[in-house]
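Participant: The chain contents come next:
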Amino acid sequence: MARTRRIDTGELPEAEAIRLAQQGDAAAFERLYRLHNRRVYSLCLRMVGNTAEAEDLTQEAFLQLFRKIATFRGESAFSTWLHRLAVNVVLMKLRKKSGNESSLEELTEPDEESGGPRRDFGGPDLRLSGSIDRVNLQRAVEQLPPGYKSVFVLHDVQGYEHNEIAEIMACSIGNSKSQLHKARMRLRELLHEALRAQAREDRKAASAETGGKD
Amino acid sequence: MATITCREFRSYLAPWMEGERSEDAQAHVRACPNCSSVIRDLEAIHTEARSWSASEQDAPERVWTALRTQLEQEGLIRDTIPASVDRAQAAAPRTGWFAGLFPRLPRPVLAGAYLAALVAVAFALSGPVNRRVNEARWLKGTQISTSPLSAQLNFAEQNSSSYVTRSNSVVSASLHQNLAIVDNYIALCEKSVSEEPQNEVARDYLYEAYQQKADLLTQMTERGENVQ
Chain A
931 MARTRRIDTG
941 ELPEAEAIRL
951 AQQGDAAAFE
961 RLYRLHNRRV
971 YSLCLRMVGN
981 TAEAEDLTQE
991 AFLQLFRKIA
1001 TFRGESAFST
1011 WLHRLAVNVV
1021 LMKLRKKSGN
1031 ESSLEELTEP
1041 DEESGGPRRD
1051 FGGPDLRLSG
1061 SIDRVNLQRA
1071 VEQLPPGYKS
1081 VFVLHDVQGY
1091 EHNEIAEIMA
1101 CSIGNSKSQL
1111 HKARMRLREL
1121 LHEALRAQAR
1131 EDRKAASAET
1141 GGKD
Chain B
2 MATITCREFR
12 SYLAPWMEGE
22 RSEDAQAHVR
32 ACPNCSSVIR
42 DLEAIHTEAR
52 SWSASEQDAP
62 ERVWTALRTQ
72 LEQEGLIRDT
82 IPASVDRAQA
92 AAPRTGWFAG
102 LFPRLPRPVL
112 AGAYLAALVA
122 VAFALSGPVN
132 RRVNEARWLK
142 GTQISTSPLS
152 AQLNFAEQNS
162 SSYVTRSNSV
172 VSASLHQNLA
182 IVDNYIALCE
192 KSVSEEPQNE
202 VARDYLYEAY
212 QQKADLLTQM
222 TERGENVQ
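These protein sequence lines are chains A and B, in that order. Counting in the working numbering, the first sequence runs from 931 upward without gaps. Counting in the working numbering, the second sequence runs from 2 upward without gaps.
Check the hints yourself; a few may be wrong.
Simulated DEER-style distance windows between Cβ atoms [unchecked claim]:
#1 Q1073(A) with E57(B): 55 to 63 angstroms
#2 D1132(A) with T66(B): 46 to 54 angstroms
#3 G1004(A) with K192(B): 30 to 38 angstroms
#4 E1072(A) with S23(B): 29 to 37 angstroms
#5 R1130(A) with E75(B): 53 to 61 angstroms
#6 G1060(A) with E75(B): 49 to 57 angstroms
#7 T1010(A) with Q74(B): 22 to 30 angstroms
#8 P61(B) with A1007(A): 52 to 60 angstroms
#9 A1138(A) with Q27(B): 41 to 49 angstroms
#10 G76(B) with G979(A): 29 to 37 angstroms
#11 Q953(A) with N185(B): 30 to 38 angstroms
#12 S1102(A) with N185(B): 57 to 65 angstroms
#13 E1072(A) with E19(B): 30 to 38 angstroms
Hints are computed from structural coordinates only; laboratory data are not their basis. A virtual CB, placed ideally from N, CA and C, is assigned to each residue, including glycine.
Work the whole structure out from these sequences, hints included.
Facilitator: Below, the structure written as structure tokens:
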């Protein structure tokens, strides 16, 4: 029967926990899980926007980690290695959901050079500043293509540097920077669209109110 | 005066957000309300997203529970050795947690001990239907009160040993061998608990060890009585 209570692993350092986990020590596994589950779960949650799926993906990411832990040689930081597994698990899930086996590049939108310019850049428009909140930004993030979303969540939400993201996503640093910029620009567009839709709704409601009074 | 156009500024925007701000770009942003508005929007997006990390939460406990169950099913983990058993020994190959309790024994002896303990436990668990009655008699005989369980077990051991020794020398040898293994196990567990009284796992092991000894002694008593 599984023991579900927490085992007191004290302040076992990560390196020692890794060494013991490589020998199958249950407490060491738990220590590693406790150290990293928050970030992995948050990443999954931001990527899929659904707690049940995020829980499944977190479990899957750690399962893969623990299956492979004996092969970890410390060439990269443990958290980077874990995040790479987690991102791959999430992207795989999103690919399956969308029904195609696309590459990371295909999980982003066509860039402005090859796919033609996207819409407005700096044109007169509604001001976003002051109108961005958690709910509308989260809604916009959910609409991002998976590749953009990964880089955006890793950089802007979780605070990873581009060199770390390049390692996690197995891409170049330049690619990471470019994906992040496109993600932010796309978010800006999505937020503008939402703002315009909201403005239309408000106008409609106002005119209905005026019409009712006449 | 702006030195670059809005279209040209587009290539400066990503570096700008990374903190690389050339003179040309700065001059353009100062002069162009539209491009400075884009920058404000992107900075607002970044700031809002960054604030999310403050509210990150652990995954619900059920995730670890399910994960642990799966790891056990796949045989990827073994139960934790109480911390007082030298963790440095974890580097050496083991046959499981039980082996960790007897680090100095050679592997064949260890295998034999392991098997003997399993047999002893299985033997005790598969005892006669009236075992409960005998257990009750044994418990009464040992006068369980507030005194430590180990002292009660030692007292019971003396009584049980005398029964078995009188009755059957082969059974006696086998049961005494098992008893020695369980006693050794108890000694290690007691050491762990005395060093780490708050360690639930160590306490569980000690409790299980006492249970094994109690079962074994019950069995010895029954054996002795049956032969008589």
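Participant: Now tell me, hint by hint, if it's right for this structure.
Facilitator: Verification of the supplied hints:
1. Q1073(A) with E57(B): 55 to 63 angstroms: About 22 angstroms separates the Cβ atoms of Q1073(A) and E57(B), which means 55 to 63 angstroms is violated.
2. D1132(A) with T66(B): 46 to 54 angstroms: Once the Cβ atoms are compared, 47 angstroms apart, the range 46 to 54 angstroms for T66(B) and D1132(A) holds.
3. G1004(A) with K192(B): 30 to 38 angstroms: Given range 30 to 38 angstroms: holds, Cβ gap about 34 angstroms.
4. E1072(A) with S23(B): 29 to 37 angstroms: 35 angstroms, holds
5. R1130(A) with E75(B): 53 to 61 angstroms: 54 angstroms, holds
6. G1060(A) with E75(B): 49 to 57 angstroms: Because 52 angstroms falls inside the window, the suggested range holds.
7. T1010(A) with Q74(B): 22 to 30 angstroms: 29 angstroms, holds
8. P61(B) with A1007(A): 52 to 60 angstroms: Since P61(B) and A1007(A) have Cβ atoms about 26 angstroms apart, the given range 52 to 60 angstroms is violated.
9. A1138(A) with Q27(B): 41 to 49 angstroms: 47 angstroms, holds
10. G76(B) with G979(A): 29 to 37 angstroms: 35 angstroms, holds
11. Q953(A) with N185(B): 30 to 38 angstroms: 24 angstroms, violated
12. S1102(A) with N185(B): 57 to 65 angstroms: 60 angstroms, holds
13. E1072(A) with E19(B): 30 to 38 angstroms: 25 angstroms, violated
Of the numbered hints listed earlier, those contradicted by the structure are 1, 8, 11, 13.
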